[in-house]
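Undergrad: The lines below spell out each chain.
Number of protein chains: 4
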Amino acid sequence: MSVNTFGRLLHFTTWGESHGPALGAVVDGCPPGLAIDEAAIQPFLDARRPGQSKYTTQRQEPDRVRILSGVFAAPDGVQRTTGTPISLMIENVDQRSKDYSEVAKAYRPGHADYAYDAKYGFRDYRGGGRSSARETAARVAAGGVARLVIPEVAILAYVTEIGGDAIDPANFDPAEIARNPFFCPDARAAARWATQMESVRKSGSSVGAVVECVATGVPAGWGAPLYGKLDADLAAAMMGINAVKGVEIGDGFAAARLTGEQNADPMRPGNSMANSGPRFEANHAGGIAGGISTGQPVVVRVAFKPTSSILTPQPTITREGDATELFTKGRHDPCVGIRGAPVVEAMMALVLADHKLLHRGQCG
Amino acid sequence: MSVNTFGRLLHFTTWGESHGPALGAVVDGCPPGLAIDEAAIQPFLDARRPGQSKYTTQRQEPDRVRILSGVFAAPDGVQRTTGTPISLMIENVDQRSKDYSEVAKAYRPGHADYAYDAKYGFRDYRGGGRSSARETAARVAAGGVARLVIPEVAILAYVTEIGGDAIDPANFDPAEIARNPFFCPDARAAARWATQMESVRKSGSSVGAVVECVATGVPAGWGAPLYGKLDADLAAAMMGINAVKGVEIGDGFAAARLTGEQNADPMRPGNSMANSGPRFEANHAGGIAGGISTGQPVVVRVAFKPTSSILTPQPTITREGDATELFTKGRHDPCVGIRGAPVVEAMMALVLADHKLLHRGQCG
Amino acid sequence: MSVNTFGRLLHFTTWGESHGPALGAVVDGCPPGLAIDEAAIQPFLDARRPGQSKYTTQRQEPDRVRILSGVFAAPDGVQRTTGTPISLMIENVDQRSKDYSEVAKAYRPGHADYAYDAKYGFRDYRGGGRSSARETAARVAAGGVARLVIPEVAILAYVTEIGGDAIDPANFDPAEIARNPFFCPDARAAARWATQMESVRKSGSSVGAVVECVATGVPAGWGAPLYGKLDADLAAAMMGINAVKGVEIGDGFAAARLTGEQNADPMRPGNSMANSGPRFEANHAGGIAGGISTGQPVVVRVAFKPTSSILTPQPTITREGDATELFTKGRHDPCVGIRGAPVVEAMMALVLADHKLLHRGQCG
Amino acid sequence: MSVNTFGRLLHFTTWGESHGPALGAVVDGCPPGLAIDEAAIQPFLDARRPGQSKYTTQRQEPDRVRILSGVFAAPDGVQRTTGTPISLMIENVDQRSKDYSEVAKAYRPGHADYAYDAKYGFRDYRGGGRSSARETAARVAAGGVARLVIPEVAILAYVTEIGGDAIDPANFDPAEIARNPFFCPDARAAARWATQMESVRKSGSSVGAVVECVATGVPAGWGAPLYGKLDADLAAAMMGINAVKGVEIGDGFAAARLTGEQNADPMRPGNSMANSGPRFEANHAGGIAGGISTGQPVVVRVAFKPTSSILTPQPTITREGDATELFTKGRHDPCVGIRGAPVVEAMMALVLADHKLLHRGQCG
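Protein chains in written order, with the numbering used here: chain D, 26 to 389; chain H, 26 to 389; chain B, 26 to 389; chain F, 26 to 389.
Next up, chain D with everything else stripped away, as it sits in the complex (with noise of 0.2 angstroms):
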């Protein structure tokens, strides 16, 4: 089966492929009367957009979005969200019309070819057709509407680490992450980047990286235990972009090195239950406990693999199982983690948007 919806009350469903007209997603459920119109998604696109460095895919895209549907000038004169489906749309413009019958024929390794042939008999192989990282541009415009529906949360993805070489959290500068090309937010590991980058270009290879992702500003009570717990949603949410190969809330991976005292989260007076919550010393869970926020920053890590198109020939096989061997000679992000961040942050909006939502319609 094809599942392209994801969400509960706030919902999107994406549709496109790399080399067709268009791509797009339709935003079901959005709370109606929030202020919107085109300028205010295009920067999360614009963002993700491909060709902004020589680090990214050289493909040239505007990512242009259309709002199609969902939106109309309330009393007030401001065009706002009426509570119907909203339309997204992204026509792709340079889709390159290269020789595309090595591909068709044989499996990328690493790639969905092969996987996609053995489920559905044959593939849109033009540039990796559904596959392609392309489809996330639906999933971030459809996370510029999510954004408008929780204004009380700030959230904030970064690169902590490419190829194994990881930021000092000691020089964590939330001001630099704007300010060069890999949403990096340690000056020096970004210079450190760019030089690995350019070798790794220069080479045709690729390199994995991690992504974090923090949002502040999230009330605690949000999620819906047991199989809509807030974690386990965030795990499907970013576990599903491409390339992603791991997910960790919180301390992750390291709290299964921890003891309970290590790990430990005490609480101390803030605010009572009547105010703003309780006075955390530590954030070990990520801001979620038992599947539902605690009012700490809500903390989510993602790993990417390197990309698995390398000028490297890979064996492989063709359609009729024969050998053979494929290198990638198209235009490819030598590392997709880069554009991943953004990606991630779109999720965590789309997340937890549908969790407020959650939670008003069953708590009130």
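Where hints are given, some of them may not hold.
Same chains, same label: a pair holds when it works inside one copy or across any pair of copies.
Cut-off 25 angstroms, straight-line C-alpha distance, at most; resulting in silico cross-link-like pairs (SDA-like, lysine to any residue) [said to hold, decoys possible]:
{"hint": "1", "residue 1": "LYS130", "residue 2": "ASP101"}
{"hint": "2", "residue 1": "LYS130", "residue 2": "SER43"}
{"hint": "3", "residue 1": "LYS354", "residue 2": "ASN308"}
{"hint": "4", "residue 1": "LYS79", "residue 2": "ALA212"}
The hints are simulated quantities; they were obtained by calculation from the structure and are not laboratory data. Owing to the predicted nature of the structure, the values given are computational and were not obtained by experimental measurement.
Dock chains H, B and F against the given chain D, drawing on the hints supplied.
TA: Okay, now just chains H, B and F, sitting in the frame of chain D:
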């Protein structure tokens, strides 16, 4: 909202609290005609059952499962699933009538107590109520049904690391797993863990653990891209287990530190598409590409935090927001990850069975 | 597939067969903090309970409901919903150990026997198994929970027609409904029906009926267009009740014979939007426009076919496809529509409660 | 909440307003490998298209459908579905720039205007916005895809009654349906309706209609009891169409006036279970028993109210709650039920296709 259902075509709903009269699962969408009785499910519950070694909680629960619906003697005389909902019930027996006045008034740090109160206004505080790991018994029972749906798949989960002490892959012996109380596939590690856990237990501390789960026999083609990807569903399934803080597929976070060449999964002719697929030389991807199974073993790794129930008093607050201290007097697992292994297996079975049916529904 | 769950935010899953050990419902998504105990639900089951008059099946079932989860004593000492799944169980008591060999081998015409075998390959044939109207006990129990969610709404269902003999609207007296065994609001019609049903019962025949249900107090604004319209959800809820073959909202089929002038629902100032809505002069629409409630009474009418269980032998076939004849010897309702009234009320409550939460979730 | 998705395995999401730039549907879950192009879908849209006779709205819309995703040239050179979401878009062309200031300020009685404002706070009032019957174009396009999934089924809808004037079943001729602008299978009734509708149109009035739809070729076994019954899903599908107020399966409300003997559906040996099922002598049940298809024709009847847009002024209120009067000046259908026939067909196709996949998923 409360979302206590998991799955799409084969889905289950669980109910029950740690100290209520019973807990259960309703499994819906199970194909008809599968031979089933309580004896087919009980062994999985027995593997998860508490009180079997001194390294797990001393609560004594027989965890006898009853099938209340959805089965009937088929014309061949064998009791089989009828295609209608299968109601599974497990009675709670050893709800010790201890004094809960302390936890009723204050929040155990690291537990879901505070989050539940923030969400719902009050909570069933006895033994954690709905947030207790006792609920995983219902998942394991449901998982027993799911296994009947996928006889072609073998699932094995084991603990690879406790408190930072990992197994040596060179010592991996699947037969060893059932021979020690730790689901440990490395006899030497099991011996070390016995010593470690004895110390943890005596000091009233706790430790984290890592569980790995491998499913072999999964054919290529299961998975529902893009928002029902097999890996995304597995991530949700695993992250939703009590105390889990991280999930990896295949190489997981390690892949983020590799180059594309190191992470490559080359394919060679094995059998053609018409047969059972290509020959792979590595499985960095953990058997999933583009959210769809590749025919290789599906590999998931899950991080369990140390249980928050420790004897060292921790600062916390009362329901009124005043400072107090709490330490856990009751019965608990010093390493909740150990009994997590059967739960991870159950969730793997439930996800795979669901995706088998989804694939059959769409792709015939 | 088997889909045994109904509802979106407030949803319930039922399980159980006519002659199994028990049947039940798991109600999920119920808001926390509602005062609840078995006594709050039992009266609705009592209204539906068989064996209370000679005009319904003589099966004797106390239909005692037990609440197994999801409730707890709140700080104020009152037992309340906790926001977690509410498991309701009703034990089967009077499963008469009759000989089922005949219906095991052949299909009762007009029943679901043949369809179930065609779908699932075999079936639990005892008393209809899962397709028995006995399952509606679980719906009625779930409906009892739903009513707690919508205290602002009053729901009343009654029988308006039996075997073609309709009530006279001029005689409508709601107080009459509880005074006769037919849920009939017209004392004179009730007297006629007693005579008619006596004859039907003695001859081993059966008759159909029409049930009308009115919900007052529903505010304007409930409903989830376009595919979760309030009327569409009500239609699904009612058409899914055993033996139902037709559903109307407001004037229903009669509206198809009217002109626009005759069918008009003019509005006059009553109270402004800021208050409780306009004054309507008619309610042809049955309280729903565009799938959304208008603030007027919600009116549904439901057609029940005569039960197919009659003493006149009918031609049918065996499982092997050979000709045979069957007539129904067992206990049954000569007019299943009578006991349908409490079921219609329950489904109305469940749909409205769900839409209240949905509206609150999206529109705050 | 807004729920703009219908279906379970084969599901579609629609978006768009009457006077927005476009409207569309995203069809998800369609099996791969089905030959498809715009020409396969366009005829169904043409049947529903306005402006084709003087008896329907004079709005001129070419209703050209574009397929934006989910299709690709298969290895055999034929464009086929790929198993990924199929995005269908229809541009709005004839959004007449009339003055909407009157309907912006006041509520058209009988329309959804007031209900939308009550729910969402404001609305897109141009031509009814999202509540316009124009949205049914998107359903019809989606229905065109659904038909590809069920080539074994033939679906035919026709109008049996307009303004209380019914066809004579003795004159039923399927070939007649396409020969008149009323989808009428009785030539004589069509002639009478032409006269009637001329009068209705000239006087600015409107009338209701009844549409019947029959699906032949549906095998026994489709349907998902108990809350995804085939008849319940059909009821929801039909009741959700604009202006529909009643739905019947088989004999519907007439069955409520029959005895069990009159309503009996006896079965005789035709073919055994191994073949294509028994021979039925009647089809009071409309091809569905216990929510599952019996192999007989599936019969649904749908009541459309007269459109509320009439020239006779009706009392109503302004947004501020003050008294005013409105009459409909714009273009509208004097009998919305006529163009309802293709919509009913589309919904029948969508429900059946979904249930075919559901059945295959569970029962393989």
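Undergrad: For every hint, state whether the structure bears it out.
TA: Consistency of the hints with the structure:
1. LYS130 with ASP101: Answer is between: at 13 angstroms across copies they meet the 25 angstroms cutoff, but 57 angstroms inside does not.
2. LYS130 with SER43: Within one copy only: 18 angstroms inside a chain, 45 angstroms across chains, cut-off 25 angstroms.
3. LYS354 with ASN308: Classified as between: cross-chain Cα gap 24 angstroms, same-chain 45 angstroms, threshold 25 angstroms.
4. LYS79 with ALA212: within (18 angstroms within a copy, 51 angstroms between copies)
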